[in-house]
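If you read the sequences in order, they're chains A and B.
Start counting the first sequence at 330; every next residue gets the next number (my numbering).
Start counting the second sequence at 228; every next residue gets the next number (my numbering).
Calculated directly from the structure, the hints in this document are not laboratory data.
Since the structure is predicted, the reported quantities are computational estimates derived from the model, not experimental observations.
Where hints are given, some of them may not hold.
Which bits of chain A does chain B cover? Going by a derived footprint, with three or more residues having C-beta under 8 Å, they are [as the list claims (entries may be wrong)]: (1) 683-694; (2) 701-713.
Once the Cα atoms are required to be at most 20 Å apart in a straight line, the calculated SDA-like pairs of lysine to any residue come out as [unchecked claim]: (3) A:709 x B:235; (4) A:706 x B:279; (5) B:347 x B:453; (6) A:736 x B:447; (7) B:232 x B:249; (8) A:736 x B:401; (9) A:706 x A:775; (10) A:744 x B:257; (11) A:736 x B:402; (12) A:709 x B:257; (13) A:778 x A:856; (14) A:736 x B:249; (15) A:736 x B:403; (16) A:744 x B:258; (17) B:347 x A:899; (18) A:744 x B:254; (19) B:324 x A:729; (20) A:736 x B:329; (21) B:395 x B:374; (22) A:452 x A:533; (23) B:395 x A:748; (24) A:400 x A:491; (25) A:706 x B:282.
We put the CB at the ideal spot given by N, CA and C, even for glycine.
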Amino acid sequence: MITGMKKPCLSDIRFLKTKVFLALLALAVIFGAITFPGFDQAGVMAAEQGAADQEVAADAAATATYAPAPKLTAADYPSIAGINSRVVVWIFAQLHLWFAAFVLAVPIFVFIIEVIGMKTRDKRYDDMAYEFIKVSITGYSLTAILGGGLAFSLILFYPHLFTYLSTIFSESMFYYALLFFAESAVLYIYYYGWHWLQGGFKKWVHLSLGLTLNAVGTTLMLLANAWLTFMMSPAGVDAAGVFSGDAWAAIHNFLWNPINIHRFVANIAYGGSIVGAYAAFKFLTANTPQLRAHYDWMGYNANFIAICALLPLPFAGYYLAAEIYAYSQQMGITLMGGIFAWLFIIQAVLIGTLFLSANYYLWCGMGRSDGAGRYTKYIKYIAIVLVAAFLVWFTPHTLVLTNEELKALGGPHHKILGPLGIMPAKNTAVNIMILFTALSFMFYRRANKVATVSWVNAGNAIQVALFTAGIANILLLGIYHGYFTNTVYKVAASIPQVLTTLIVIVGSITLDSFIYKGATEVGPLKWGRIPERAQYALFLLAVSFTWLMGLMGYIRSGIRQHWHVVDIMRDASPDAFTPTLGYAANVVSVAAILFMAMVMFVFWIAQVSGQKTLPTGYWKE
Amino acid sequence: MKIPKLLQAVLVLAFVYFGFIVVFDYILDAVIPSSLLAMYMFFVAAGVFMVFTYDEEGTRELVAPVKAMVEDPSKRLWRNVVFVILPLAVGGGTYMKMLPNFEAPLELRTIHPAPPSTAKIYGKRVNFLKLENPYRKIEKEDPEAFRELVNEGAAVYIENCQYCHGDKLDGNGPYAAGLNPTPLNFQDVGTIAQLQESYLFWRITTGGPGLPKEAAPWISSMPVWQDFLKEDEVWKVILFLYDYTGHRPRSWEHE
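Generate the whole structure from the sequences, applying the supplied hints.
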């Protein structure tokens, strides 16, 4: 439903006040206006000694010196009313991150959709972009509230860690707070000014605001990423944790950029999946064919966004994992071969589920066209390849064997399945899955078109050759370099594999655009003619993404094990142990359910804002 | 005669299920673990469901027999039989699954426990991030001398390690059957081929007792070899392990 321009309502103003309050409080904490018991302010600067020794104070003023990372005991962690501090921080952090990922991603593709709308002069795009940003606006308020909750719980339960980090990142925390104000201001002008800034120069102003919003939002993410990656791969400090004073060195630590890239891509995929779930929700509750058609179209676009970002995501993830391994063998092994290995199997299952859901949605969507019958006969073959690749993708390296199976195999090693458990097999499988997902998309696009160019058969033959050569190259790279060369080539082989996949996808889609230039349409696409179960595939996409992010986020944080800051600041709290996989999965699942409940609230609020009641006889005439 | 879709789906699933068993258990002689087969079949079933239900016509055909069984008055007898047998089968299956037995519980063993960043070995503090095999550089500088070192490593291995890890380094030595978990198979591409030499040095020198406390309990009967072997002997054994299996240690440099 397209809503008209509306004035800020009371709830919006309350949310705005909440954010202003939180931001002021964050500033106050950073500047030391509020003191907490046992909370060392601003890093034990040498200037404190200055009163005793004027000369030292003068030196200290010139080059500030910093204290080493504190060595803590269990007594340094406040215990409040028997609350499990780790779980509180964990859940706040996770909820904040989910919402932050969503509200940072939505403006990125909203901006792109708005540009498409302006370029094509098709108002449907502009309306869809507005509806997407409307969904994210309540999410933004929740992000701020949960971010405040995270900051408070860190200060309350882990005061020394917060002090240490704020000593090193005091400048970036200050800029973070300022940027938060900027983000809020730009977002509100962008959203509330949507219908005001329409047409001609005003549209350009609005687009510029969208670009600014994305620039500020991305910078916010980069700053926050620096804090968490510092905890994994500290830089700008010596072995004792003494800060050198070079804030950029601390920010630009070893894992900063790998995380930045991974999060940026993942956020877009995640944002796409959440607005896809919103479209599915609206589709299922729509009571007119027009609304069903509108939300079907919206769901298709959201799924398209999610798939586009999902395709490069495994590579970004692999790059991050390889960099973690390169930084620390210990963290790398803990991550991939050690105690978290089985969570990676769950991750593989969820990623496979994402691919299957996305493909299923495309196959169901072919029903919108009367010409789909020419391509649906290939679906079963695509499904066979996808499922086969998926089985390889999640085959574990460590098999769960009964004693009988152990005896039959003569040990835990499986000569066939064992080699499928390591990364070369996974990389090969995921590249194949990506290629066949792209093939589903191409068939979907072709379903309603009839090519008119004379060289259509030759074009199709080239595409078949491209796919065949690509798959052969991916298999060759995966098998030869993965199993018959040393690890440096094994890891490096993933790059030509990715490039092969990208070349095949870009090449065949480009060729397709030439083949179908001036093509005739079988008939008008029948938006809304899609089975309802396809909408559940969109829900599954959003839920799988959420759970996946929670589990992988736990792993990323958990590989630090008993360290707050790896090798520099030890975690001495009673919770400084790695929980069992079941316990961790339960915490993440509870957080995911909380998040989903909040998302349903966001969807409901977005729906309520478009409804009007005429209270007949209530007001004085 | 056209086979009903529901029967087609069941036949596909049965074919895949028995196909896995026949191929793995009989043709390849490498039994497929039941836990993995269950996971495989779950997603094969998901794939079959997707293929049979992506359009309305297929879905209608698929569910038609089930719908008819529930709704068609002429199928009353058939319905009653299914409604009795189905819960009994589920109940029976659950009962059998929950019956106490004397099988040892399944254990999820991690192949590679994570090493500490530093450890005290041979009386000195060793940083595993920087530790390298001192003999590795000789491989290119002096291949003959390197071959001699590998042979010395082989002698150490045969004297000390083959009883458990086997004379073919496949984890199948004379004592292997008495150990649970069985010793590591170095021929497997998922073991030493994935690791840096410093990792092997850590596991050999500190053995089972050196495994990290953070993720205890680890199970390993690996002796603490720093109590029995000299440092250079350990490095030579590592050379031999890679040389014999044909694997290369994990590294970050091109050769």
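Proximity test - 8 Å, beta-carbon atoms, the region 701-713 of chain A to chain B, at least three hits: holds (count 5)
Given the hint that residue 706 (chain A) pairs with residue 279 (chain B), test it: the Cα-Cα distance must not exceed 20 Å. 12 Å, holds
At least three residues with a C-beta closer than 8 Å to a C-beta of chain B: is that true for the region 683-694 of chain A? holds (count 5)
Proposed proximity, residue 374 (chain B) with residue 395 (chain B) (alpha carbon, max 20 Å): 19 Å, holds
Are residue 744 (chain A) and residue 257 (chain B) close enough, with their CA atoms no more than 20 Å apart? 7 Å, holds
Pair hint residue 778 (chain A) and residue 856 (chain A), alpha-carbon separation not exceeding 20 Å: Measuring from Cα to Cα gives roughly 16 Å; hence the hint holds.
Just to be careful, I want the Cα atoms of residue 736 (chain A) and residue 329 (chain B) compared with a cutoff of 20 Å; is the pair within it? At roughly 16 Å apart (the allowed maximum being 20 Å), residue 329 (chain B) and residue 736 (chain A) satisfy the hint.
Within 20 Å, alpha carbon to alpha carbon, are residue 706 (chain A) and residue 775 (chain A)? Since the Cα atoms of residue 706 (chain A) and residue 775 (chain A) sit roughly 14 Å apart, the hinted pair holds (cutoff 20 Å).
Within a Cα-Cα threshold of 20 Å, do residue 395 (chain B) and residue 748 (chain A) meet the stated pairing? 19 Å, holds
Need the status of pair residue 709 (chain A), residue 235 (chain B): alpha-carbon distance at most 20 Å? 13 Å, holds
Taken at face value, is the distance from the CA of residue 249 (chain B) to the CA of residue 736 (chain A) at most 20 Å? 19 Å, holds
Pairwise hint evaluation, residue 533 (chain A) against residue 452 (chain A), where the allowed Cα distance is 20 Å at most: 15 Å, holds
In this structure, the hints that do not hold are numbers 7 and 12, in rising order.
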